[in-house]
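Undergrad: Join the two chains, each given in its own frame, into one complex according to the hints.
So the chains spell out like this:
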Amino acid sequence: MRRSIITYLKWFCALGAAGVLMSCAPAAPGGAPPGDPPAAAAQDPVVYTCPGEDWGYPTPFTRYSRGPGYIRMSFLFDTLTWKDEHGVIPWLATEWNMSDDGRTWTFTLRGDVRWHDGEPFTAHDVAFSYQYVHDHADQIFWSGDLARFERAEALDAQTVRIHLSEPVAGPHFNVFGSVPIIPQHVWEDIDDPNRYLAPEATTGTGPFTLAHYSKEEGVYVYEANPDFWGGRLKVDTLVFPNVPDVAAALRAGVIDEGSFWGNEVQAVREFEDDPSYRIAAGPSFWVLQLIFNPERAPFDRVDVRRAVAHAVDRQALVDQVTHGGAVVANLGIVAPETAWANPELPDYAHDPALARTLLADAGAAGAEVTLIQAGYDREAELIRADLEAAGLRVTVQSGDRTTVDGLLQEGNFDIAISGHGGIANPSTLENPTWPAPTSANPTYDALFTAQAGELDTDARRDLIWQLQAMAADDLPVLTLYHPLMWVVYRADAAVVPFYTSEGIAGGIPIELNKLMFIER
Amino acid sequence: MKAFQRILTVFLVLTLNFFLPRLMPGDPLSYLDNESPGSDSPLLVTEATRQKLLAYYGLDRPLGEQYVDYLRGLARGDLGWSIYYNAPVTGVLLGRMRWTLLLMGASTAIYVALGVALGVISAWRRGSALDGGLLVGTLALGSAPSFFVAMLLLIVFAIRWRVFPIGGASTPALFHARGVARVADVAAHMALPVTALVLTHTWGVYLTTRNAMLGALGEDYARTAFAKGLRERAVVVRHVLPNALLPVVTEIALRLGATIMGAMFVEVVFAYPGMGAMIREACLARDYPLLQGAFLATMAFIMLFNLAADLLYSRLDPRLRAT
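These protein sequences, in sequence, are chains L and R. Residues in the first sequence are numbered from 209 upward in steps of one, following the working numbering. Residues in the second sequence are numbered from 606 upward in steps of one, following the working numbering.
Check before you lean on any hint, since a few could be wrong.
Claimed, not checked - Straight-line Cα separation of at most 20 Å, SDA-like style, residue types lysine to any residue; simulated pairs:
| id | chain 1 | residue 1 | chain 2 | residue 2 |
| --- | --- | --- | --- | --- |
| 1 | R | 657 | L | 342 |
| 2 | R | 657 | L | 403 |
| 3 | L | 423 | R | 703 |
| 4 | L | 423 | R | 657 |
| 5 | L | 423 | R | 698 |
| 6 | L | 442 | R | 698 |
| 7 | L | 423 | R | 791 |
For the record, the hints were derived by calculation from the structure and aren't laboratory data.
Next up, chain R with everything else stripped away, as it sits in the complex (with noise of 0.2 Å):
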């Protein structure tokens, strides 16, 4: 039952993945085109021209064919040809894939780290100054847009100090370092994004963190490993922590969409070559198989997030193995 339900849904997304784009005004050729002096050609497209780039991209054809070719296309791993980019949409894609998921991946284990570790000691030490220093500061770093936060550390530590690079994830003219110069070369030009996001995201894992711990350091359990003269660091961590987990994998399973989009924003501060630049632009262009491609990667994404917290949520809670 629950297979034939994701089979559904991804056939649903699949469907919406297609038409949704196509439902917007205009179409991917007026794009191509003029826009500013700066980005300029001394082109303007006739209407001859267009209905042969229109057949060339096979847009001229009944919107049913479209779709018929759309699937087949993706039962044979074939997400078509990007027209913005001319290139085809898996290569652009898998491109761009690489860096956004960089960049979440460390936050992720960044924030992720640094959340559970604050919201123990805030649970741990509750009321104390520290707690209090921490529930504001986090909250109010969290408050602020991910991108204003970008702006400012790229003000600041790029543009001021110019401790890291300005922006890009690599330094073009290095483009030849392998190894350790490599490595330190796209970690100086992640560092500001990271922290943007980091700082931004900290606050939710945090909260949840200490306000399970709370609930949990009340619990019976607690009281009576606590009353058997346990260190209490063992308490926390051996008794408390295990316990209070589980809302917290919602909360990071919750935040990933959060970071995704967070995560696009500062991207764009930092003329990171993610996926967020890539989806303005492909909305921009109305670049149809780029759209159902970043569109179908995403959807993938959430699907197996989801899945990994339904995996882990059985690893952390013995009674739902049963079931």
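Just chain L, with the same shape it has in the complex (with noise of 0.2 Å):
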């Protein structure tokens, strides 16, 4: 017995001193040494290093449902536009044009173009895939609107047509740009796409192809597609891996460039003075909003909703929330970095006296209300404090983000601070108290329908204009702040990140555009 228990101590002892071999194990400089080195390269390759974390498998319906799921993806698929700097250019589709009654539109397309596995690109792919992605839009989270889509036909191998069911402003801003080609081959016998993660899966015409991906790592490897129809690029393989801490990691050199937003400016400072590092700086499309629920009193009546505006001190919430990381919103929510966005809205100046004063006439001073929110603790003390002082009083209640975005859905709150994103595109416009169902006005879900079928910009601009105009006339929410975003990568690093014309796809903010990986 004796004896067996030293043994067992023994053999204790020796795997503990295994541990602690194994967990000694120096890190070879750069990490360890690679399995097996690519062939006498003439040069070493370049490597792209982004931080990042799991975002999905990055087929079109496994990616998960936000941005990054989609970017992740569209360095694999292409689609028949895409966006630059400037604005939507050709991509698979060289020219396109529609039928006088925005119903029917008719894409050329490029002949040079194979995917992954060699198969030639045709038109069949591309009629195949808005069917394949219409017809299973029911089970995934889709980020295109494709309910007006009809029915898309290939001509001839080079040209499809895609019919509409009614015309849509801009298809090409939020449809033909983000709805990802799909190869036929692959998919034709797939079900459930959203269950679908073999290997085949990732296929697509992009310019790269999937080297790895671990879900639990958030690891994703990228290696150049040597057949990629749009030219060479600039980097041999692009890297996402998970780093703790962005700006510590891109001041280590582990990661080639950072995206930061936000309050988070204050770590993008930090590297202003460095001549090793630049950064550039977007627009987020995001807004931050104060959701009135207008079924319950006091904000059932405009008059409060206007004290409210007149309270809340902005200006002080970028500064001291934010430290100068945001813009005072848009209050037609559209982001003011688009044209979409209407100049000339009344500003509801910081005015106490004023607010004071609204507020009493409308016999709502000493109202009780209770303010919710997740994760805006800051917000929340400064907009109780302007509450307070205009004679409101204010209970405020914090709850994580689920809980609180239940409760807006159920319209069971008075007022609540939420923030979303996507305001790039003024489809947005169509809720302006989501995720609230509480906004209910004939006149203005009438124009909103004019302005989504109306084909002339000048018109549709001035449509959505006029829905803007009355948003804040009615305030049904009052906009807070739109954050900035800021990338900042390693001067000597093999490319330059930019910020996409209202965002990639159908809005997305963030800085990797495949384009910025491709000789131009």
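TA: In structure tokens form, the structure reads like this:
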């Protein structure tokens, strides 16, 4: 018995020692030696490294629904059109035209494109992709609006025609530029694309192929597609490691670029005077807003909502909470960096005295209200102080985001702080109080429907400006601020990141446009 | 009787696993849309889309039906489909669990060996400067939260001196590495997280060993052994230590729970791909199937450890074997 215990202990100590040895193994500079180095490369391969985490297996259907998931997929898959820093550009389609009624679009496709597996790309793939995405849109989060898609047909190998049930304004903006084209020969027998995780599922026509993906490590490794139709790539390998602290990893040289937003401006400022780094700034197409519940007193009265607009010091939120990492928001919700934003809206200047008077006149002085929020504690404190100064009695209730969203969706709140993106796209105006379903105004809704089918850009802009004027007048929400975004990148890196005009695809504000990797 | 108790426990836990996540406000769909600019998609989910998605994931059906389905799935060994990760729950869990087990296994082995060794030395040299130093040192480290120690290690060794990688479990660009290169890479990434866990968990084992040893050293048999003129080392290691080990085993079994918690925090600091970050994400996202699976796995582990402790007890204490 005694001996056996000693044996256990010895075994245990040996294990411990092995553990110590294991964990003390020194890290080779720049990581451990590679397993099998590429055979006699003329030059060192160019590697570009961006921080990231898991955003799903990068197929059009298994990527996670948010922007970074789309970006990781967009390196592999192409769309009919794409966007650069100035606007829409031809991509798989070289030219297109719209019928007079706006319901039929005909695209001429490039003839020199092959899938990653060597099969030729044709108009049949495009027709198939639109039909397939449309048919499966119910079970995926789709960021383009295919509700008005009717059918697609290949006229010949290089011409495809897409029929819509009703005209859609600026469809290349949110549909033709975001529906990824998938190979018919891979997908035609797949019933549930949501659960199709085979290696072939990443076969696209894009500039990169997927070399490695680890869901649990949040790691992606892409390799340049040597047969890419769109020109030579500036990098051989694109790597997304998961790092704990982007600024520190950037300083340590582990990554080539890092993205920051809002109050992270303080981290960005530390790189400002360092010649080894460059900084580019861009819009986030995101808005933080105060959502009123117009079905509950006292916010059922527009005077009270206007009083709140005068009471809240929005500039103070920008200065004190974001440290200057944001701009005061457009009261018409739409991103001020776009041509869709109405520049002539009332500004409800910060005026505590006026706010008090308005509230008192509306008989709302001393009313008790509950402000709900998740993760915006500092904003909530400042707003609470402003509203109390104006004469409301405010209780702040904090929860996690899903809880607050749940309350908003039920319409079970007085007033809430909540934010959302996608405001480069005027379709964001459809429901100004999203995710709460509380704003109902038939005139407004009719105007929204009219602009969605208006094919003349100037006329459409006019309608969108009217919508914003209505929103700013009626104030279903009080917009607070739009954060800014920055990318800090190494001055000696192989590529230069840039911000895409009105966002990638349907308005993703991230700098990782695949064009930055292509010699243009 | 004991078997019946165990079965009842398992059934209760399975039921709680199902209902607890669903008691939280909100549902799995709200998390899938917009959050922050950096992770934004231009997607505002309409009510119609929400309903279709709820139906797709079976979340629109009565709770009773969902519960029966869940139990049926479990009986088949099917844990379901993670809504947030869009992958089979079993796959997500196994992928993550590998890393957490590696981290926990290595650090537990080290801190147990270290704690027992230091405890024996401390008790043996009771009252010496060495004893005092060990006591103060382990307690000071042990009272610091593991994530704090982890952050210190990260700043000093990964960011300032760049001796160890800054985070993750392996070097992405070396994904094709095999054999020694792979082991070295993984070990280098483990070094700091393991050190953080060892530093913050050694004190428990150390203190328990020291106290048990002090008690046992005062027993008659120890005095007899010394009086017989046996070498000091032989008395301590062969006679006293085995008798002092029982409370240490208890301490280790209890500490495993704390190690899981500590590992989760440390994983977040080092962006290590373990269960910690996943459970956090699954909670925020209300990913019911994944939460069910994660809790089930955690429960299985804890029951396994308890069973192992029971078995080890009866090996260590002959009196328990009779019963």
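Undergrad: Run every hint past the structure and note whether it holds.
TA: Going down the list of hints, with the structure as the test:
no.: 1; hint: R:657 / L:342; in the structure: holds (14 Å)
no.: 2; hint: R:657 / L:403; in the structure: holds (17 Å)
no.: 3; hint: L:423 / R:703; in the structure: holds (13 Å)
no.: 4; hint: L:423 / R:657; in the structure: violated (27 Å)
no.: 5; hint: L:423 / R:698; in the structure: holds (11 Å)
no.: 6; hint: L:442 / R:698; in the structure: violated (37 Å)
no.: 7; hint: L:423 / R:791; in the structure: holds (17 Å)
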